[in-house]
Amino acid sequence: MLNIVIFGAPGSGKGTQSDLLKKRYNLAHISTGDVLRAEIKNDSELGRIAKGYIDKGELLPDELICDILAKKLDELGTVEGVIFDGFPRTIPQAEALERILADRGLEVSALIDLQVEDAELVHRLVERGKISGRSDDNEDTIKSRLDVYHSQTAPLADYYKNKGKHLAINGIGAIEEIFGRIEEAIKKRVWPNRTS
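Residue numbers (the working numbering): 1 to 196.
Because the hints were derived from the structure by calculation, they are not lab data.
Treat the hints with care, as some may be off.
[Claimed, not checked] Using 25 Å as the maximum straight-line C-alpha spacing, the simulated DMTMM-like pairs for lysine to aspartate or glutamate come out as follows:
#, residue 1, residue 2
1, Lys-41, Glu-58
2, Lys-51, Asp-137
3, Lys-165, Asp-62
[To be verified] Taking CB as the label site, the calculated pair distances span:
#, residue 1, residue 2, range
4, Gly-133, Asn-162, 33 to 43 Å
5, Glu-98, Leu-59, 17 to 27 Å
6, Glu-98, Glu-75, 12 to 22 Å
Every residue, glycine too, gets a C-beta built ideally from N, C-alpha and C.
The task is simple: from the sequences and hints, build the whole structure.
If you want it as structure tokens, here you go:
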């Protein structure tokens, strides 16, 4: 199985590249952001709690996210693997993900780190906000989210480097070009003997 953590700052292209990975390798896609937005749209109790954190640009408590993730994994059925998008975001979450997967006889194959400079991220997110109307795509909230990313989430790269599972990918360029870099990294580092 190919279990990938897609990683990068807000606006780095995780959702776009996840869609391509999902099609190419027949993977399930678990986006904590999508799950939470659906809960918020449905005005569930979880959605109301999550909205309070998201509107302030803060991360949700680990226990809440882990419960959501375990539930989603168990609902998947038979798949070739999973893309984890938006989780883990901290080292304790990475350790929790390892436990959740180990309980199911699985492990993380690789962390794909989409690397994009902050100025480009702010530009992308402001433009996305104009199109999507997402309330968290405004400049103040974006800067807050990037601060949280750099202080709390970026250390994950070292965690996966130490496990030999970190794939650094240049996240600038055409979508297909970036995806080509990801495929090449998977072929070289994760599935060197795979023929298709």
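Structure-based check of all given hints:
1. Lys-41 to Glu-58: holds, 19 Å
2. Lys-51 to Asp-137: Holds, at about 14 Å.
3. Lys-165 to Asp-62: holds, 22 Å
4. Gly-133 to Asn-162: 33 to 43 Å: Roughly 40 Å apart at Cβ, these two residues keep to the hinted range, so it holds.
5. Glu-98 to Leu-59: 17 to 27 Å: Holds, since Glu-98 and Leu-59 (Cβ atoms, about 19 Å apart) stay within the stated range.
6. Glu-98 to Glu-75: 12 to 22 Å: holds, 20 Å
The structure meets every hint from the earlier list without exception.
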